[in-house]
Amino acid sequence: MNRVLKVALICGVAATMASCGAVRRNLPFGLGGKDAPGATASAGDRISVLEFEQQLTPSAALSGRDYFLPGPQAVTSWTQPGGTAENLVEHVIAAPNFQVAWKRSIGSGSARVGNVMAPIVAADGKIFVLDGESTVSAVSADTGAVLWKVNVKNAERDRNGGFGGGVAVGAGKVFVSSGYRSMSALDANTGAVVWTQQVDAPIHGAPTVSGNRVFVVDVDSQLFAFDATTGAQDWTYRGIAEPARVMRASSPAVSGTTVVAPFASGQLVALSTLNGQAVWEETLSRTSRTSALSEVRDVAGRPVISRGMVFGVSHSGVMSALDLRSGQPKWQLPVTGVNAPLPVGDAVFVVSKSGQLITVNRDTGQIYWTRELNEGRERREGGFLTFGRRTIRPQWSGPLLASNRLVMVNSFGEAVAFDPKTGAAQATLKLGAPAYIAPAAYNGALYVLTDNGQLICIR
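Numbering-wise, the sequence shown is residues 52 to 510 according to our numbering.
Just so you know, not all the hints are guaranteed correct.
FRET-style restraints, in silico, Cβ to Cβ [unchecked claim]:
#1 Ala196 with Phe435: 24 to 30 angstroms
#2 Ile291 with Glu429: 32 to 38 angstroms
#3 Gln379 with Phe438: 49 to 55 angstroms
#4 Ala222 with Asp414: 33 to 39 angstroms
#5 Thr415 with Ala329: 39 to 45 angstroms
Treat the hints as calculated values from the structure; they're not laboratory data.
As the structure is a computational prediction, the values presented were derived from the model and not from experiment.
In this text, a Cβ means the ideal position worked out from N, Cα and C, and glycines have one as well.
Start from the sequences, fold in the hints, and give me the full structure.
So this is what it looks like as structure tokens:
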């Protein structure tokens, strides 16, 4: 493009912008807005309304105070999306060298139709993963060799497509939920189908297995309890239907005879695992005058049960600690999140949607410290010449406390280790593709599933 043409284009764009401003000023009924708003972003910057509302300040009373974290423990199974039925593994021995050991393709990545959404599970020397086209793979935890593959789609019912779902392991079976409206059980050693149940709505979240029941929530906010042996539907519970949801999916948490189910309406409901009778209900929701995004109330991060308390966070901007028996809130914080909180020892770690790592006192809800994870990671993309460029920030998933490091992955294709006492970054690994699913730990290693369908072992 020669210089004259380039100057002409720039002048044309400037004239168009100026004329748009003139037209806006002449629109009736104030439709054009004000010429001089009270507060504006400086050139090239964007102001997040979520950050505007969520100024979380460390407590002066906790300044300089240390907190207890238990030592790391060996993990020989990771059978649920959150590691255990409570969705909690506090501190694991894993990836002390923090180096990639191997990478393997496990099938289809995210595309126009399918999406990789299922957390990794592991047992008996195998890693079980679900790709973007509902194919389940069993992979050797040591070498990454694929042992078997099974696709759970039904050709007669699935002509309109689907995505999402997840896996869990128990009693020698791999339980598979699917966005193609099915729940299945496969033999963990061979992949042979043990049973399949069709449901009326897609299932985007992974199941949770406890005792002889499999619990899973569909996109219509219905909780199912299936018999793990036969696949028979024991009972169901319907929450408040909510069409607005985020592109992540949660899983129930189970402790004893209580299952805590998350719904897109922002509801957390505790029910009896025996008959589905509701015990209590709490809604993690608030309406914001500055952000329409608060109307998306989805509890996309898994609820976590720890020492008689339930920890949950919603997209609507509420993080809460609730009594497991009564549902009575112990404390609440204005945190917007799509990741599961991580209660460990005296602290609770949580990552906000805006990329802030927050460390909270588990008993009082007071904040020890916060850390901006996106500092130095922003980049500018898009636009034409110097016009219309936008700031891109990574989305974070995690954390997991492994060998005295908080490990998270992000949409920029990084696995990053942070100091759990200060939040300082300690090490960074390039994964080669975006990652939206928190790592899993098994037999001394961390496993990450990237958005392009690559399974990565970190040792």
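Structure-inconsistent hints, enumerated in ascending order: 1, 5
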